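Chain B: place on chain A using the hints.
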Amino acid sequence: MQSNQAAGKSIAKEPTGRIEIDFERCKACELCVFACPKGCIEIGAKINRQGYAAAFFARPEDCTGCAICAETCPDVCIEVWR
Amino acid sequence: MKEKGKGGFGKNVYRRPESLVDVKTHFCPGCHHGIAHKILAETIDRFCLREKTVGVACVGCSVFLYDYIDVDVAEAPHGRAPAVATGVKRAQPDRFVFTYQGDGDLAAIGTSEVIHAANRGENITVIFVNNTTYGMTGGQMAPTTMLGQKTSTSPYGRDFRKDGYPIKMAELLATLEGTAYSARVATSTPAQIRKAKEAVRKAFDMQIKEMGFSIVEFLSTCPTNWGMKPIDAQKRVLGEMSEYFPLGVYKERKQADFL
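Read top to bottom, the protein sequences are chains A and B. In this text, residue positions in the first sequence follow my numbering: the first is 1, and each later residue adds one. In this text, residue positions in the second sequence follow my numbering: the first is 83, and each later residue adds one.
What the hints contain is simulated information worked out from the structure, not anything from laboratory work. Model, not experiment: these values are computed from the prediction. The reader is advised that the hints may include incorrect statements.
Said to hold, decoys possible - Restraint-style ranges between C-beta atoms, simulated for each label pair:
id : chain 1 : residue 1 : chain 2 : residue 2 : range
1  : A       : PRO60     : B       : GLN222    : 39 to 49 Å
2  : B       : GLU292    : A       : GLY51     : 45 to 55 Å
3  : A       : GLU14     : B       : GLY321    : 37 to 47 Å
4  : A       : ASN48     : B       : GLN222    : 26 to 36 Å
To be verified - Heads up, incomplete: computed chain B residues facing chain A, CB under 7 Å, no partners named:
id : residue
5  : LYS93
6  : ARG97
7  : PRO272
8  : ILE275
Using N, Cα and C, we set each Cβ at its ideal position, and we do this for glycine too.
If we strip away everything but chain A, and leave its shape as in the complex, we get (with noise of 0.2 Å):
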């Protein structure tokens, strides 16, 4: 955030949406990580109870709420409002 101040741009953006990522459903598949246009959503460390590594929303301050990694995820384990 500070070198963006130092380079004139603007600071601290309000995210304008917000997506909740079902821990136990999701199958770590991966195919929001690639969907999504900002790279708000990565890969987590926590095995889930289906065995596997879900994902999580990594970086809330840059989503827009486009709904994009909702329309892509097989299954429907992305909620998100704007």
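For chain B alone, kept in the frame of chain A given last:
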């Protein structure tokens, strides 16, 4: 922060479609069957058809449709979903009838059923999920398997001299007079998913307007049996598969003419 919604965001822009039952699916990670189910459930919700829909599922990974979609589902013998759907639709013409079939089902054992259902112009909708292999039984070669693709029954790759060429069902069925709508879609990018939704909407619309037989072919992935990561499988659909199976609408009837 506002109290409403999650973290101040009040408008829920995406959630699980109402017709999709809230259970975990048996599909492998990254399988596009989940996306096809989701599109189907969204379209059923959009047309408010949940209470008067009868689905017909066959054998294959599509078999547990009755567990995942909250409509009445009849289970057909392997490949015979269009025949069963014909019976359902003729007995109860006010019901909305769709079948959900894979490529080992529709393009191999059930080819004659789907061709004759289309030729009779039965007023049903067929959702055909093509992943170029028999997914549930361990990845054997299907009629839609690509040339050179290694499967458990073609370990040196499919050879056209022995096994022929991959069959293009969407084009084949578009040549029949009874078919009202025939399209091939993919679900590998967000743009393709939206086009797929539109195609399914049109196919449903054809049945509601009693135009005749409608089919939507989905190019799907099978990461487990292809031996790929889900993201690489998506790239295969976008590259190799889309070249051989071109996406697009092959037939769209404008008005009910019945010749």
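Hint by hint, here is what the structure shows:
Evaluation of the 39 to 49 Å hint for PRO60 of chain A and GLN222 of chain B yields a pass: the beta carbon distance comes to about 45 Å. The hint said 45 to 55 Å for the Cβ distance between GLU292 of chain B and GLY51 of chain A, and at roughly 48 Å that hint holds. Range check, GLU14 of chain A to GLY321 of chain B: about 39 Å between beta-carbon atoms, so the 37 to 47 Å window is met. As the Cβ distance of ASN48 of chain A to GLN222 of chain B is approximately 31 Å, the hint placing it in 26 to 36 Å holds.
The beta carbon of LYS93 of chain B is positioned within 7 Å of a beta carbon in chain A (closest approach about 5 Å), and the interface hint is therefore held. Of the supplied interface hints, the one on ARG97 of chain B holds, with its beta-carbon coming within about 5 Å of a beta-carbon of chain A, less than 7 Å. The beta carbon of PRO272 of chain B is positioned within 7 Å of a beta carbon in chain A (closest approach about 5 Å), and the interface hint is therefore held. Checking ILE275 of chain B against chain A: minimum C-beta separation of about 5 Å stays under 7 Å; hint holds.
Consistency note: the structure conflicts with none of the earlier hints.
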